[in-house]
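In order, the protein sequence lines correspond to chains R and Z.
Here the numbering used here is used: position 89 in the first sequence is 89, and no number is missing along the way.
Positions in the second sequence are counted from 1; adding 1000 to them yields the numbering used here.
No lab work stands behind these hints, which were simulated from the structure alone.
Here the structure is a predicted model, which is why all the values come from computation and not from measurement.
Warning: the hint list may mix true and false statements.
Computed list of lysine to aspartate or glutamate pairs in EDC-like fashion (alpha-carbon distance at most 20 Å, straight line) [said to hold, decoys possible]:
{"no.": "1", "chain 1": "R", "residue 1": "K103", "chain 2": "Z", "residue 2": "D1198"}
{"no.": "2", "chain 1": "R", "residue 1": "K103", "chain 2": "Z", "residue 2": "D1186"}
{"no.": "3", "chain 1": "R", "residue 1": "K18", "chain 2": "R", "residue 2": "E61"}
{"no.": "4", "chain 1": "R", "residue 1": "K199", "chain 2": "R", "residue 2": "E220"}
{"no.": "5", "chain 1": "R", "residue 1": "K124", "chain 2": "R", "residue 2": "E110"}
{"no.": "6", "chain 1": "R", "residue 1": "K199", "chain 2": "R", "residue 2": "E55"}
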Amino acid sequence: MLTLEGVQTYYGNIEALKGIDLEVQQGEIVTIIGANGAGKSTTLMTICGLPRAAEGRIRFEQYDITRMPTHEIVQLGIAQSPEGRRIFPRMTVLENLQMGASKSNPDFFEQDLAHVQELFPILKKRENQRGGTLSGGEQQMLAIARALMSRPRLLLLDEPSLGLAPLVVRQIFEVIEQINREDDVTVLLVEQNAFHALKLAHRGYVMVNGRITLSGAGDELLDMPEVRAAYLEGG
Amino acid sequence: MEYFIQQLINGVTLGSIYGLIAIGYTMVYGIIGMINFAHGDIFMVGAFVSLIIFVALGLAGVTFVPLAFAIVLIVAIVITSVYGWTVERLAYRPLRGSFRLAPLISAIGMSIFLQNFVQLAQGARVKPMPPMITGGFTFLEGSDFSITLSWMQIIIVSLTVVLMAGFALLIARTPLGRAQRACEQDRTMAALLGVNVDRTISLTFVMGAALAAVAGMMFLLYYGVIDFYIGFLAGIKAFTAAVLGGIGSLPGAMLGGLLIGLIETFWSAYFTIEYKDVAAFSILVLALIFRPYGLLGKPEIEKV
């Protein structure tokens, strides 16, 4: 469904991605784990063309999206809940969700709204509150809900567990599993919380310094001594 | 008292024109965080386009005033919008992502270009326009000072109110307005949600130019004379209005425009007409010192 071949990305002169090969199959949950600054978020943003890949190729289904403008890429059915959540602070929760809604299918709005409010009931309660006044956990839920409003086939999630209470993390991970299973949304999940992520995912990649160093099934990676040592124990 | 009311009427009229121009400044600032220094000249172009079409309609034998008025309004909006779009396309878009001062400098270049273009194409002399909409109401006739409320003033103020209300609604309720606010708050995220950011910015310039065109036409009909340089002063006054009201804030631009119009008019009426610009700009200085984020603007504090 999504393929990255030899993707290199630069921020100015700094090479953030040094040739990434990665693949996501229809229906999978795939995770990328790695330390701070390894290039996980850059990988997700490069898929959406912000920044654009300098080298290599990115394909989504039958399209080559390497040089496509961002708004066209996401209209193909890719949605992202980015690093830092990026809720529109001076818009209400409802307006944030309206921004996420599909441009091509306005008829689905009510139905999709009901669906995400069912996944995250708190968003219904906060409907008319400004995004900037929500708590961290609520903002994260809103970010995921907003991404889901476009009926994506591929959902890119950047550290949904960051800074949240364990109970909220569990709720969010349950929702990720549910939308993957019931709504057939393919998920590419970036996480520092390696244990949770590898438990949930079908497959995983380990990133170090802009390169992918390991890949394999979720439980396989969990059992590897080098993964345990670097990302699980003491963390 | 009669004198005061008369000045109030004049001030509100002038303030309407400033307010319409100020919206263009404040919207562009909101979405790209930069002042469009060519906006005053877009207003001047709007006035000239209106004059040209009025003359053309006169030659074509269209003498029915409401019809001529409506045609000029629409054509001036369309043509001036093209100018606004072009300014964005030439002076701003190629420099997006470059250092912050670059587009400001290119916009000043656009401003100088537009002034010289109009000066060369239309001549440097002031262009008169015979009064088209005359008459009005006179109150308190017979006493030593009578109050006049002209039809032109009524039209200017009511057209401004309608446009501003429509505009506020557009920003608050429509998908386009929502996309504009989204770009204003987080352009990257807006793009990730499928908003065509470049097009949204272009449309913002176009909307600002459309309102400036209306202001230009009103200015032409109200004062009856225009020249290639009117954009400079009116532009800076409207900019002052936008800053006073709180740059980036739509209601702020309307309020600021009204206040600058009133201050200027009352200053001319009760003190010296020579110093009316000084009065308006002193307000800018005071606003920047004591309330840099304006009357209705918010200081930039966000919870993250």
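Consistency of the hints with the structure:
no.	hint	result
1	R:K103 / Z:D1198	holds (17 Å)
2	R:K103 / Z:D1186	holds (19 Å)
3	R:K18 / R:E61	violated (24 Å)
4	R:K199 / R:E220	holds (10 Å)
5	R:K124 / R:E110	holds (13 Å)
6	R:K199 / R:E55	violated (33 Å)
The structure fails to meet hints 3 and 6 from the earlier list, while all remaining hints are met.
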